[in-house]
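Asks: Chain residues, written in single-letter form:
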Amino acid sequence: MNYPAIRAIFKYEMARTWRTLAQSIVSPVLSTSLYFIVFGSAIGSRMSDIDGIAYSAFLVPGLMMLSLLTQSVSNASFGIYFPRFIGTIFELLSAPVSTLEIVLGYVGAAACKSIIVGVIILITAAFFVDLQIMHPFLMLLFLVLTALTFSMLGFIIGIWADNFEKLQVVPLLIITPLTFLGGSFYSISMLPEVWQTVTLFNPVVYLISGFRWSFYEISDVNLWVSLGMTSLFLCICTGGIFWIFKTGYGLKN
Amino acid sequence: MSVIISIKNLGKTFKDGFQALKNINLDINKGEIIALLGPNGAGKTTLISAICGIVSPTEGTITVNGFDILKDYRQARAMIGLVPQELTVETFETVTNVLEFSRGLFGKKKDPAQIEKVLRSLSLWEKKDNKLMTLSGGMKRRVLIGKALAHEPDILFLDEPTAGVDVELRKEMWQVIRELRDSGVTVILTTHYIDEAEEMADRIAVINEGQIILVEEKDTLMQKLGEKNLKLHLTEKLTAIPASLVDYNLALSADGMQLQYSYDVQQEDTGITGLLDHIEAANIQYRDLETKQSSLEEIFVNLVKKQ
Chain A
1 MNYPAIRAIF KYEMARTWRT LAQSIVSPVL STSLYFIVFG SAIGSRMSDI DGIAYSAFLV
61 PGLMMLSLLT QSVSNASFGI YFPRFIGTIF ELLSAPVSTL EIVLGYVGAA ACKSIIVGVI
121 ILITAAFFVD LQIMHPFLML LFLVLTALTF SMLGFIIGIW ADNFEKLQVV PLLIITPLTF
181 LGGSFYSISM LPEVWQTVTL FNPVVYLISG FRWSFYEISD VNLWVSLGMT SLFLCICTGG
241 IFWIFKTGYG LKN
Chain B
1 MSVIISIKNL GKTFKDGFQA LKNINLDINK GEIIALLGPN GAGKTTLISA ICGIVSPTEG
61 TITVNGFDIL KDYRQARAMI GLVPQELTVE TFETVTNVLE FSRGLFGKKK DPAQIEKVLR
121 SLSLWEKKDN KLMTLSGGMK RRVLIGKALA HEPDILFLDE PTAGVDVELR KEMWQVIREL
181 RDSGVTVILT THYIDEAEEM ADRIAVINEG QIILVEEKDT LMQKLGEKNL KLHLTEKLTA
241 IPASLVDYNL ALSADGMQLQ YSYDVQQEDT GITGLLDHIE AANIQYRDLE TKQSSLEEIF
301 VNLVKKQ
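Which chain is which? The protein sequence lines are A and B, in order. When we follow UniProt numbering, the leftmost residue of the first sequence carries the number 1, and every step to the right adds one. When we follow UniProt numbering, the leftmost residue of the second sequence carries the number 1, and every step to the right adds one.
Source of the hints: derived by calculation from the structure; they are not laboratory data. Some hints could be false.
One side only, chain B facing chain A, incomplete, derived with CB under 8 Å [claimed, not checked]:
no.: 1; residue: 18
no.: 2; residue: 54
no.: 3; residue: 78
no.: 4; residue: 82
no.: 5; residue: 104
no.: 6; residue: 109
no.: 7; residue: 125
Ranges between beta-carbon positions, derived for each pair [what the hints assert, rightly or not]:
no.: 8; chain 1: B; residue 1: 134; chain 2: A; residue 2: 100; range: 56 to 64 Å
no.: 9; chain 1: A; residue 1: 240; chain 2: B; residue 2: 74; range: 21 to 29 Å
no.: 10; chain 1: B; residue 1: 88; chain 2: A; residue 2: 43; range: 46 to 54 Å
no.: 11; chain 1: A; residue 1: 82; chain 2: B; residue 2: 175; range: 28 to 36 Å
no.: 12; chain 1: A; residue 1: 130; chain 2: B; residue 2: 134; range: 45 to 53 Å
If you want a taste of the chain A side facing chain B, the calculated C-beta under 8 Å gives, among others [claimed, not checked]:
no.: 13; residue: 7
no.: 14; residue: 91
no.: 15; residue: 99
no.: 16; residue: 100
Here a beta-carbon is modelled for each residue, glycine too, at the ideal position from N, C-alpha and C.
This is chain A alone, in the form it adopts within the complex (with noise of 0.2 Å):
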């Protein structure tokens, strides 16, 4: 294993978090807090509790997820997209460096950052609403899965892409809806049951779901369903990113 590898990769990424510090943290630090003070204490005030935890509380886990997973999806694929824009790929691929090792350095760096966001938010989340965690370790799993599944799906759009339209198609017509409908801001049982069907095709169902049992012990679908779905994602986006490597699919001629 190419240690040095993975260690140069992820800590050239991470160097540019700190570059550009207002837009990788303090953004959706800040967006995330707006979503506080409208969805929770303004109009969450007069909502009622959902399964006996109040609205602002309920609304912790759901907008921690919505962070995490556009920004797993941002920053993995814009720092494998970067390298093929602007040319310095190259070196990427004349490196002795495995597909392991470019995955780990690039979406290790790219989960790493998003939770990073998503303690944050945590934090964040403390100063507005009483929070509880009831398996915290639980919640740690679905964090670190969540994060990387959708790493890696940043990653393969970063391949994919050959635009910048294209790098901000999936995550804004794709993953925002489908958080934003996958009970981010409610309970799938507060909606017709047609629809309550519907949305258990939604895979971001899942995801939420599970990680606000970690929190309240209250889910929208089975636990074990939730970490089964998350792990599928996870296997489907890895299987995906060692097509790429082996096909050379966007990256070698």
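Knowing the structure of chain A, use the given hints to seat chain B on it.
Replies: Same frame as chain A, now just chain B:
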């Protein structure tokens, strides 16, 4: 001399059917500087890219110090440093950071002393903390060379290394490359500058339309390429070449206003003095004279046409 890179029956056909490399066979000796020459689109960069792992070959094998570039890619690639043709750099990073990144990528541990040595050898030490966006084109080119040298490679590929670099800096780079060769590094370079190939290369390989058409020791080749032209711009129209000048095999332009003489620069006596004496004796007046040497690429295009 032992062979460090061995290319056997290498072929590359792109998805659109374009055959960029056709049955390439080439052995590169350890410690030599070999210049890879050919017209634009001949396949030089594709060949380099195939050896370095950037382009996947469709046929044939490449071994680097006995290691197959596909099966033993770690050992093979670890020996290679590549300086690309285009100025591809991360503009927001500092000079030191990009060199350290390159070193790490090739599996080498952090070594500030080695980075300092490389930066000093490329006259970049004073710029070590500068962001790349603040550097000139020539300096960025040197940074690319520095990145390729950061992991102390045994083989260095230089794809048009001095394009866009001023004369003084070019000479400094030549010195760096010579020192690398003296330290045992094998250098493969592509260039369009005749003086660069003349100054640097031990051997020259010519590639055209994806095929290696010639591999020759530089000294042997320079003799073949040593022709130069002297052009005299006449003040009055000349209808025919006087008999006293027939031995010089002069060419008279269609409008009768120019005389052209071809000579071999490698010869001790180029015949120019005698020619000018005869022209004066023949009472032919000229208002200007110029000498011209074809660029290496032009010469090679001519060679290629002859093939």
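Asks: For this structure, which hints from the list above don't hold up?
Replies: Failing hints, ascending: 1, 7, 8, 15 and 16.
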